[in-house]
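Read top to bottom, the protein sequences are chains A and B.
With the working numbering, the residue at position 160 of the first sequence is 160, and numbering never jumps.
With the working numbering, the residue at position 92 of the second sequence is 92, and numbering never jumps.
Careful, some of the hints might be misleading.
Computed Cβ-Cβ distance ranges for the label pairs, DEER-style [what the hints assert, rightly or not]:
#, chain 1, residue 1, chain 2, residue 2, range
1, B, 178, A, 168, 32 to 38 Å
2, A, 214, B, 146, 30 to 36 Å
3, B, 159, A, 130, 44 to 50 Å
4, A, 73, B, 161, 45 to 51 Å
5, B, 126, A, 100, 34 to 40 Å
6, B, 126, A, 10, 35 to 41 Å
7, A, 128, B, 234, 37 to 43 Å
8, B, 158, A, 14, 32 to 38 Å
Think of the hints as simulated: they come from the structure by calculation, not from any bench.
Where is the CB? At the ideal position from N, CA and C, for every residue including glycine.
Chain by chain, the residues run as shown.
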Amino acid sequence: MARALLTRLISLALSLVVASVVIFVMLQAVPGDPAAFMLGLNAQPDTIAALRAELGLQGGFVQRYIAWAGGMLTGDFGTSYTYRVPVADLVADRIGVSAPLALYALLLTVLIALPAGLLAATRRGQASDWGVMGATQLGIAVPNFWFAMLLVFLFAVKLRWVSAGGFPGWSDPGAALLALTLPAVALALPQASILARVLRGALIDTLDQDYIRTARAKGLSRRATTIRHALRNAAIPVLTILGLQFSFLLAGAIIIENVFFLPGLGRLIFQGITQRDLIVVQSVTMLLVFAVIAVTFAVELAYTLADPRLRRRAAR
Amino acid sequence: MLIGTVLTALFAGAAALSLFWLPHDIAALDISQRSLGPSLTHPLGTDHFGRDMLSMLMAGARTSIAVALVAVGIGVGLGVPLGLWAAATRGSWLDEVIMRGNDLIFAFPSLVIAILITAVFGPSALNAILAIGIFNIPVFARVARGGALPLWTLDYVMAARVAGKGRLLISAQHILPNVANLLIVQATIQFSLGILAEAALSYVGLGAQPPTASWGRMLADAQTMIYTEPQLAVLPGLAIVLMVLGLNLLGDGLRDALDPRLRRVRM
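The shape of chain A in the complex, shown without the other chains:
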């Protein structure tokens, strides 16, 4: 077990290093000198040099990479070129929107997919199965940002229940949650559709197993069998997909934040791009990649722990 964990940890660290090199090299390919860009056309060469030093732009390629990567490890994400404040501060502000949004969407995904998948699997071939499968087929095809626009039109423009965008801040948790509800619904719909289909497939596979028949034969009700035996065994493919979906939710959140003008990490990246604030883009992207890789790792760990077969194999 400990050895398997160590191998996984090493490969986790390795992917992070490769990812950081890829991101760093890519952003070095951007033409232009940020210091010269910030100071304008009439800047003196020595002022530019001084600013370059302040921004950590002097030194060779490798030296700058090490400085940046080393900084990331200790929580120093560099200094924003445009705002002249630590990127870590900007991130700290924005993550209070993005992280709750992603979690909210994940929660909705599970809350929608679980009953839908259960219903479709236990009523296989019946009208409710067809209904769920048809609805999920549609749900996968709908782009989430378009669905978001339709939600805005219905609930903000027509019904005037919520505002069309913006974020009031966490000082009023109720208002904050309300502002995140439409974005979270928009994000959750396609993911819930995929998850419901996966869950249905996994449940149908396990419901055909002999041990399910045994459980029914010893007098366990259909409901108890499904929940106690089938659902637990269907958990592994579902967990895997959920882990993958986290990365889609993160990426989707970037687009959705733009639909609703939410001040999250996605908007931060876009502002960084338009303002040529490359250090912000670089550090925030790395942070997102880190989050995804870490979640994938956690999921793998979770189902190694959840599945006795994998646990034993890992121990060997």
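Fit chain B to the supplied structure of chain A, relying on the hints for placement.
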């Protein structure tokens, strides 16, 4: 399957037609004709610049299909040889390197990197293609390798080896035709995902640039006018949904038709 084929053919036909003929010029702005409802001259009405919606949608179909198709081409062109190669040299360091590289690309949140690529190298349809295409490579590599591995243990492959055929020749002659079914189904799925990704990228302004028509771009324009002209947001979105739905149904149908035992690998 039938519905899927019809929908896909409809959009492909509209896109092909748009190469030669459009009902109206989409670069011509005519403010006096703006925001019209459906009529004989403009079957789907006009947008806020007086451009014909049907023409815009047809040209948009062309952009979407072109981007997604080339992106699938990149995935097949690079991913399939890599996957077959990995399967042919199973267990070697090459196989290991290819598969670990795949895992690494999978670990990246694809849309984030696509946004990064288009942001760094400037927004254009070409960079959108590259950004989407790169993430198709590991998908096809994995499917090709997964399909090829069991084939290598079969008798006729063994016979070919005994006959002195090299790994390259066997991969091309015997393995590839037998994994083609899997690849076709996967290509349909990646194609529909590509349509969605292109729409998302051009929606945030990182895809095809004006005056090239694109569904995502049309939606972004429509969003600013959702209070006054909500109907402009409906048609492009519907086009995306129908196109993607058509491709997905086609993919499901193909999978069942080509081999009912195959289960979809959906990433």
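Evaluation of the provided hints:
For residue 178 of chain B and residue 168 of chain A, the hinted distance range of 32 to 38 Å is not satisfied, since their beta carbons lie about 59 Å from each other. At roughly 33 Å, the beta carbons of residue 214 of chain A and residue 146 of chain B sit within the given window of 30 to 36 Å. Checked against the hint of 44 to 50 Å, the pair residue 159 of chain B and residue 130 of chain A passes, with Cβ atoms roughly 47 Å apart. A beta carbon spacing of about 50 Å between residue 73 of chain A and residue 161 of chain B agrees with the range 45 to 51 Å that was offered as a hint.
Range check, residue 126 of chain B to residue 100 of chain A: Cβ separation about 37 Å, and the 34 to 40 Å hint holds. Distance hint check for residue 126 of chain B and residue 10 of chain A: the Cβ-Cβ separation is about 38 Å, which falls inside the suggested range of 35 to 41 Å. About 29 Å separates the C-beta atoms of residue 128 of chain A and residue 234 of chain B, a value inconsistent with the hinted range of 37 to 43 Å. Hint check: residue 158 of chain B to residue 14 of chain A, Cβ distance near 37 Å, so the stated range 32 to 38 Å holds.
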